[in-house]
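Protein chains: 2
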Amino acid sequence: MNIRLTSGKILHILEGKSILQTLKREGIYLVSSCGGKGICGKCRVRLLEGKVGSVSTGRLQPPDIDRGIVLACQTFPEEDILIDIPKESRLVVGDRIEVSRSRDLFELFQSLNAKIFPIVRWVSLDIPPPTITDNNSDLERLKKAASGKGLKDLRFSHGFVSSMATALRNANWKVNLAYTDAPEAILLSPMEDKNRYGISIDIGTTTLVVYLVHLTDGRLIDVGSTYNSQIRYGDDVITRIIHASEGNGLDELRDTVVSDINTLLTPMGERHTVNIECIESAVISGNTTMLHLFWGLNPAYIREEPYIPTLNSFPLWKAGAAKLNINPQAPVYTVPCVASYVGGDIVAGVLASKMHRNSEIALFMDIGTNGEIVIGNTEWLVTAACSAGPCFEGSGITHGMRATEGAVESVRIDPQTFEPTLGIIGQGKAMGICGSGMIDAITEMFLRGIIDRKGKFVKGLETERIRKGLEGPEFLFSSNEGRDIVLTEVDIENIMRAKAAVYAGISLLLQKVGFTFDDIERVYIAGGFGNYLNIEKAIIIGMLPDLPRERFRFLGNTSIAGGYLCLLSESMRKEAEEISRKMTYVELSVSRRFMDEYMSALFLPHTNMGLFPTVEKLLTIK
Amino acid sequence: MNIRLTSGKILHILEGKSILQTLKREGIYLVSSCGGKGICGKCRVRLLEGKVGSVSTGRLQPPDIDRGIVLACQTFPEEDILIDIPKESRLVVGDRIEVSRSRDLFELFQSLNAKIFPIVRWVSLDIPPPTITDNNSDLERLKKAASGKGLKDLRFSHGFVSSMATALRNANWKVNLAYTDAPEAILLSPMEDKNRYGISIDIGTTTLVVYLVHLTDGRLIDVGSTYNSQIRYGDDVITRIIHASEGNGLDELRDTVVSDINTLLTPMGERHTVNIECIESAVISGNTTMLHLFWGLNPAYIREEPYIPTLNSFPLWKAGAAKLNINPQAPVYTVPCVASYVGGDIVAGVLASKMHRNSEIALFMDIGTNGEIVIGNTEWLVTAACSAGPCFEGSGITHGMRATEGAVESVRIDPQTFEPTLGIIGQGKAMGICGSGMIDAITEMFLRGIIDRKGKFVKGLETERIRKGLEGPEFLFSSNEGRDIVLTEVDIENIMRAKAAVYAGISLLLQKVGFTFDDIERVYIAGGFGNYLNIEKAIIIGMLPDLPRERFRFLGNTSIAGGYLCLLSESMRKEAEEISRKMTYVELSVSRRFMDEYMSALFLPHTNMGLFPTVEKLLTIK
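Protein chains in written order, with the working numbering: chain A, 547 to 1168; chain B, 547 to 1168.
Since the hints were made in silico from the structure, they are not lab data. Honestly, I wouldn't trust all of these hints.
If several chains are the same, the list does not tell them apart, and a pair holds so long as it fits within one copy or across any two.
[To be verified] Pairs of lysine-lysine, DSS-like flavour, derived with a Cα cap of 25 Å:
| # | residue 1 | residue 2 |
| --- | --- | --- |
| 1 | Lys720 | Lys698 |
| 2 | Lys740 | Lys1128 |
| 3 | Lys1120 | Lys563 |
| 4 | Lys740 | Lys1163 |
| 5 | Lys689 | Lys1120 |
| 6 | Lys740 | Lys698 |
| 7 | Lys690 | Lys1120 |
It should be emphasised that the depicted structure is a prediction, and the values quoted were computed from it without experimental measurement.
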C-alpha cells in the first residue's frame, strides 16, 4: 500500500504503520506536540482518496471531519490513499531563527571582571629533532619538552597520539601544544598558527543556538540557530524522555540534535574560513534532559520518581565522544545542572544575570518550554521548576503555535462590539496563536468582561464570537478559508494552569526563604519567549507578581550567554560550578503547600486580589 | 573482463589491476612475501586460457614459464582468462596453530614471587538509593560511596557513565566498581558477580597468539593462535610499513590484525561460556611495528633514519579505542618497547627469561621474523636488532616456506652419493623448505663438502643434484610432478647473511660491554622457530656461538609468556617498564664495527675458526 501526496510523491506504507509514522520514516515531519499519542490534534492531514481506519479523531471539530481532516498519528490506511498536508501541519525545523543579540556579550564578560582563560591552554615547545644517537621516541621527546615548561604528568589519549608523529614533523619540531588542566594533551599545531576558536551551544527543547567565538579576544564571529529537530518526537521534555525509552529512540534523539548542531556549524566555518578542525573547545548548555540526550545518556530516571539525573556535573569529555563536527580532541564543557528539572541553562542564566554577585534579592525566571525560577542573591539561591509546560509555545492549545509566520502575537478587543483586532507575524493570514498572543487575548477578554476571574466565558454577551465548540465554549478570533482560529475554555484553562504554576512556584520559594514579593528588588526574565512578553499584561493575568515595572529586566537567551562566558574564562566556569552547588532545589511536585498556592493562583489575576493592587485599581477604574 | 578459476569461481577484473590485486579484492590471498613487488617469486599461478601482459617473470625458471606459470603480481589480463592456483601459492592464514605450552605459566609466575594484581582493581560499594529528599545525581552518589572507601578524584569516561544509571539500578545500588590506578572508573557489576577475565595477546609478524586467563587464580583457560593475516601485505615489518603508507593501507593493516584477534576471541568465549563483555583487561605484546599497527599509529618513521617510533611506552588506552571485541572500557596494557626494532616482545621475553634478575651474564635471542638479541644481567642490559630478515620463515628463499605441512624440516646427505634424505612435515610431498630445513641443508652440504666455507658450490663433484639454474648453481633436493625443490647459491647467500647478522650482532654487543663469548653463562633462545632449532647445527653454520651445549635453553614464545605475567601482576608491569628503561639500544645499521663483524661472519662457520673450536675439531676429524 502507498500514500500519495498532492505533490505527487508516493510513500510505501509498512504493515501496521500510521500515516504519521510513514511520513516520518520518509523524512516528512508533521507538528506532533504530544509525540503521536492522539492528544494534541496538531498532525492534521486531509484525506482526499482511499479508505482508512481511525483510532481516534481527538480534538477534531465536525466541520474539519466533514472536510476529510484526520489525525495522521491515529489513522491507518487500508488501501492506497491520497492526502494533502496543510501548511500549518508541517513541522518547520532546520530554518534559521533570528537571534536577538540583546546586549554586547563581551561587555557583559568585561563587567564580570573575568580574564580570558579558555578551556584549552597552549604552550610553545621547541623540541630537539631526533638523531641516530638521540633516538628517544616522539612521545618521550614531547614529554621531556613539556616537562621543561613545567608541564608534568601529562595524559595522552589515543586520538592525540594517532596524529602526533606527523604533526611534530610537519611543524619541524617547533609546535604549540594545547592541553587541559587534567593535565591532558589535546592538540598540536605549528608554532606560527595563532587562531583559536571555540563554540558555545545552547540546546533548548525548542530551539538551538550556536555561537562561534574567537578565543583570543572573545569576539563573537557568527551565530547560528535553528529549531531543535527533536520536536518531531514531541514538544516537551517528557515526550522526548518517553521516546528515548522506545527502541532506538535514545540514539535517534541524540543523532537528531547533534546533526542539527553540525548542520549549523559547517556553513559557519565556511563563511569565516575557519577550519572546523581548528575549533579547540566547546561549551554546551541546556536543560538536564537536553544535556543527557546530547551525551546519549538514558534520561529515563529523570522522569521516574524520585527524579534522579545520571549526572549534574559533567566530566570534560571530548568532541569526538559527542560526535560534534569540530576537532575530535576538543574538550566539551557542559554547564553543570542542579537537578532533573533545573539544568545548566538556568545555572548559565544566573551567571549571565549576575544576581549571584549582588546583595539585592532577585527573581530569575526562564519561561521557555518549561518554566524555571531562581530567587536569591550573593549569599543564597533557591530554585524550582514549575512544570508550566510548553503551552506558551503552542503545545496543548487548540490553535497554539510557535511565534513564527502566521501566528497571532497581539490582540485588541473592542469593548463595545467585542470585535478583535489581530497583530499577525508576517502580516499574512492567521494560522494560530503564539504565547504573547495568548496572554494578550486572555487579558483583553478578561478586561472586556468576556471571561470571568475563573477564566470561564461570561454568559449572555451579545456577540457571535462566543460560540459552542466540541470542547465547550470558545471565542472565534479569525476565520478564513474554512480555518477558524479560536481559544476554547479548555485552552484558557491550560494557559491559566501554566501561569498559576509559575506564580505559585515563586510564592512557594519565597515562603521557603521567609520573604514576600515586596522583598524582590529585581526580576530577570530570560528565555526566547521573555523578549516578547508584555509585562503589564502578564501581571494582569497574574503570571508575574505585581511589582513596580522598573524592577523588571529582559535578558534574552541567558543560557547561551552564560555558555559564552564559560567558554571564555575559567573563573566563569568555576562560578557556574559554585552556582550549581549553592542552589537549593525545591521539588514542587511533592509539596502540599505548592498545591495550595497553585489552586489560589488559578484565578485572574489571583484569588487574593490584595496581591495585585495595580490590577485591582485597573478593574475598579473601568 | 573476468578471471575464471579452475574451481569455477569467476572474478571481475577492475581496470589496470593485476591478477594478485584482483584475487586479493575477492578475498583470495596468495603468498606474497615481498608485498607484490615481483621480487619474491611466491605468487605463482598457472595460466590455462587467455591473453595476459606480464611486467616481469621475476625468479621463474624456463620450465615453469613453459608450463604457463606467471607471477600474479606482475601479470595483467588482457581478456577473460582461466587460471589454476597451485596449493603452495595459497596463503594459509586463519588456521589455528598448535602452541606448545613449554612450561607451566603459573609456575613461572610463582617463581618470580609476584602477587596477583591485575590492571583493574575492584571495590564493593553499598550506595544509599535516592529518595525525593536525597536527590543527588547517580554520579554524585557513586563518587561519594567510592570516596568513603578511600577512592578520591576518580575519573569517569563517557563510556562508563553511559551505562552507569541502569547498571546501578539493576544491581539495586550494591555494586562492584572496577577501576584503574589513574584512578579511573572502568566497570560496574552486581556485587555477587565474581568472575574476572583478561586476555594476553602476542602479535608476531607471522603469528598471533591469544591467551584467555582467569584473573583470580591466574589459570590459563584457553589458547588461540593463527597466522597474522597481515602477511597478505608482505612478510616482514618493512613491507608492512611500506603498505601502511599507501592509500588506506594503515587502516587495512590495523583492521586485519584486530579482526584476526577478534576471530580468535569469539569461539574462546563461547567454549568456556565467558561473556566477551566480562573480559576486563588485556595485555598486548609484539614488536614495535606490530604494536604501532595494532593501535593504528603510522609506522613510517620507524623505517626512516633516524628510526624513531611514535612511542615506546604506551599509555593505558581502552579496548574500545583498539576495536578489540571485549568490554570497550577494558584497559589495554601494551608491553613497553625499547626502540624501533626492539619491541615489547623482547621486553616481555627478558621478563619471562628472568635474566634481568640474575647476576650471571646471559644472552637472550629471539629468532622470529626479525632477530633481536639482548645481553646482560641484573645490573645492565644491552640490546640490538640484527635485521636477520624473515628468511628462516621462507621469505626471500626460492622454495622457502613456513614450518607447515609439506615443508622440508630436516635433511641428511649421503657422504658418498650426495643423495639427500628429507624429513617432511606431514609426511607428504615436499612443497618447500622451512628454517630448520635450511640450517640442516647448509650444515650437511658444508660437512659433505658440497659447499665451501664461503657457501659456494664446490666445482667438479660427481652428482647431478648440483645443476645450473636461472640464478646460478643450485642443489636439487626433491622433484615431483614438475615441481623441483632447490636451494640456490643465492638462497645460501641469503641464509648466510641472516646467520652472519645474528652472530655479528652478538659480537658487537659483547664488544660494547667489554666481554667475550666465553663470559656468556646462559643462552636463552626464544621465538617459535627457536623450538625447532638444532643447536649443534646452528653452531656449525656459525649462527650461534660455540659454547658448551648445556648453556643453551629454549624458552618458546616468551613474548606471550611475558604478556601473561604483565596481565596478572602490577609488579610484573613495573618490572617490564624497568627492563625497557634499563636496556641500552645499540643501532647496528650505522656501526662501522658491525659491518666488519658481519663480513667476518659471512663464512662457515666464521672467518676466525678459532671462535668455533668444536666445529674446527669436527672438520678435522672428518
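Exercise for the section: Identify every previously stated hint that the structure contradicts and give their numbers, smallest first. Expected result: Structure breaks hints 2, 3, 4.
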